[in-house]
Amino acid sequence: MAEAISMSREEIGRPFARAFREAIYAGLVSLGLFVLLIGLKTDQNIHNELILVQRWGVLAIIVALTMAGRFLFVAFVQPAIERRSAEKSRAAAKVEKGFVRRNFSTLAIIALFFYPVLMVLLFGFQGSLKWVDNFGIQILIYVMLAWGLNIVVGLAGLLDLGYVAFYAVGAYSYALLGSQFGWSFWVLLPMAGIMAAFWGVILGFPVLRLRGDYLAIVTLAFGEIIRLVLINWRDVTNGSAGISGIPKVSFFGLMSFNVSDENYIAKVLNIAQSGAYYKIFLFYLILLLALLTAFVTIRLRRMPVGRAWEALREDEIACRSLGINTTTTKLSAFATGAMFGGFAGSFFAARQGFVSPESFVFLESAMILAIVVLGGMGSLTGIAVAAVVMIGGTEILREMQFLKVVFGEGFTPELYRMLLFGCAMVIVMLWKPRGFVGSREPSAFLHERKAVSASFTKEGHG
Amino acid sequence: MATGTNMNKPILSVEHLSMKFGGLVAIGDLSFEARRGEITALIGPNGAGKTTVFNCITGFYKPTEGLIRMTGRDGNEFLLERMPDFRITAHAKVARTFQNIRLFSGMTVLENLLVAQHNKLMRASGFTVLGLLGIGGYHKASADAIDMARYWLDKAELLDRADDPAGDLPYGAQRRLEIARAMCTEPELLCLDEPAAGLNPRESLALNTLLNDIKENSGTSILLIEHDMSVVMQISDHVVVLEYGRKISDGNPEKVKNDPRVIAAYLGVDDEEVEEVLTVVGDEHVIHELDGEPDPAHGPSASSSMMAGPVSDTIGHSNGDGELVRVSGEASKALQVDKRSTDKSSSGKGKRRT
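Chains as they are written, first to last, in this note's numbering: chain A, 2 to 463; chain B, -3 to 350.
Honestly, the hints are just simulated from the structure, not real lab data.
Please read these numbers as outputs of a predicted model, since none were measured by experiment.
Take these hints with a grain of salt, some might be off.
[What the hints assert, rightly or not] Below, computed lysine-lysine pairings styled on DSS-like, alpha-carbon distance capped at 30 angstroms: (1) Lys131/A to Lys451/A; (2) Lys151/B to Lys451/A; (3) Lys151/B to Lys459/A.
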């Protein structure tokens, strides 16, 4: 008994002693590291001679900060983390998901519908442009693309590295047909989707027999072929100069967003002229397109074809033994995924008013695939969150001009985009190897709907 | 339901089936029949080509030669060797399971059974288009599909685990689920590749019950590969024995069990011991032969006598070259039995090998 008490007393006294010890170690390590890096600096004096500047003060500050940080971490943060994890494991059985977590997607959709209104109220029409366009529309395009690719990669398990090709097909379909023949966006949107789906099938045929790495390489090549054709087929695509003057989307033909037109929205509604109307309209347009993608994906998952896609990801041979035609199943996955890519592409062309092959490089494919993998293959919510983090994160870097105060005038934060991107990716993959949402919602249930843990699902073999 | 003539025809007849992988003859000129409403077992030692036969029947391999004829309940005939694998299940109604279980482990047990009803549901949903728009009978068809899944889950004793991922089930339950999944394709012929492998006796018993239930209640004929003789002898009506890709015996379990060639094939006896086996089994020719003129080198009296010579002589043939089994046509123990019995008696048995 007495022993136990003394033990616990020691236990209480120990964190600070240990923290102090660890702080000293950390201080020594940082001193060793920084003594030459920070303590000494080579410089030129006025006579152009190399001199050694001693900065012991800065070194002391850095070392002291390291020690303090380590002390605080060991003394307070670590015990707090341990306490929390202990409590969590104790209360794991009776954890009830909060209201926000249960209704996350509904709340998110509602929030998205109010987003432009809120931005206009906060920043005014001109100020809201950046938030609606750079953040809202940009992110939603990627959400839609990633949801489209999710059908191919996440559901059917076919690794597609050339998804941007379908995006390009959609964009050029609208750009060419819209600027040459003056056809409306509303006619060309489905046409762009059909065109992209057609190319999806064209890609699908040769790769039917390929799996895994081989499939990835062929799809990668397909993406590059499309881009090179766009660059070199100058008569039609105007080469790398691209196509400009792509017509804007009209409000179902009722109102136009061209200032010179008769039915310009400001004239029709008797409001002040502003470029923000078009952006806000585009925001709602892409939001609806993205929701359409999500809706179709959710419906398809409960259809036999959706189940066959997932079964294909799990085991192709078993699929064939059950009488599923894997050829048409794969082709339908490629076509459906490509169709949504085509929709997003034609929207992209309408929003930019200009397309060039520059927009459809491999990096875009990699970015979309990264969003799908990061979000958790197959999960719509996870993918949307990943798109917000990845695309929103890179956009927000542009806003971080205050970093110039810290790192000097020459610092441009957006150049560190890829570095941060890579770091974020590594951290997420270490922390959650199956993406933000790794578990899978079953498409049908008998007694109760239970999420399938990520450890059972397969990534597919290609 | 069906006319008498159709019911009397064998559901599956395999004629002169050969499958060669390069120089290796996996199956050589195999012919057998599986009768409707029966459980036909395909047995044989490891590497006898049983799974290859299955892969030929279910279209995963294209046979080098031969015919595989499947006669449907309504009298339709399908030549399975000409059909792609998924069509065999979809149209000829042949379902199969795998030696190494192939479930959709990330999908729930129920979903596994719904995937198996893909073609039916696909038609009901108007090939997705109508179902997506919410028109047509997809809703009802999907409810029916769940009912059917529930029926088979009940049969396989998996009803309470319907919403768990298939990969989470214990091994025996996964085997039963694979059979239930195959049954959800509503097959006329169910091909089971070693369904009892790795099962404990209790699970094995449950499997026997399930298979007998399928045979009696669903009108599905079963073709079965199995190593577990207790399963084979208990439930099968007809047994076909393969060795090195050739049929060595064919008949009811009782007959096959006592066939000397089957015993030789399974026990892997020495050339010189073949006679002993034949004697034990009671091959008339060999007994007659031994009675008339005992073989001095191998007769029981000679080898047991101290006077016969050095001890090494008496055991010489059991540690010599005779134990080295080379995989060639001549390695077949059943053939050796055949050869012996034809050599010893002038009235030779017909050789199987042509």
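So, going through the hints one by one against the coordinates:
| no. | hint | verdict |
| --- | --- | --- |
| 1 | Lys131/A to Lys451/A | 41 angstroms, violated |
| 2 | Lys151/B to Lys451/A | 23 angstroms, holds |
| 3 | Lys151/B to Lys459/A | 28 angstroms, holds |
The earlier numbered hint that this structure contradicts is number 1, and it is the only one.
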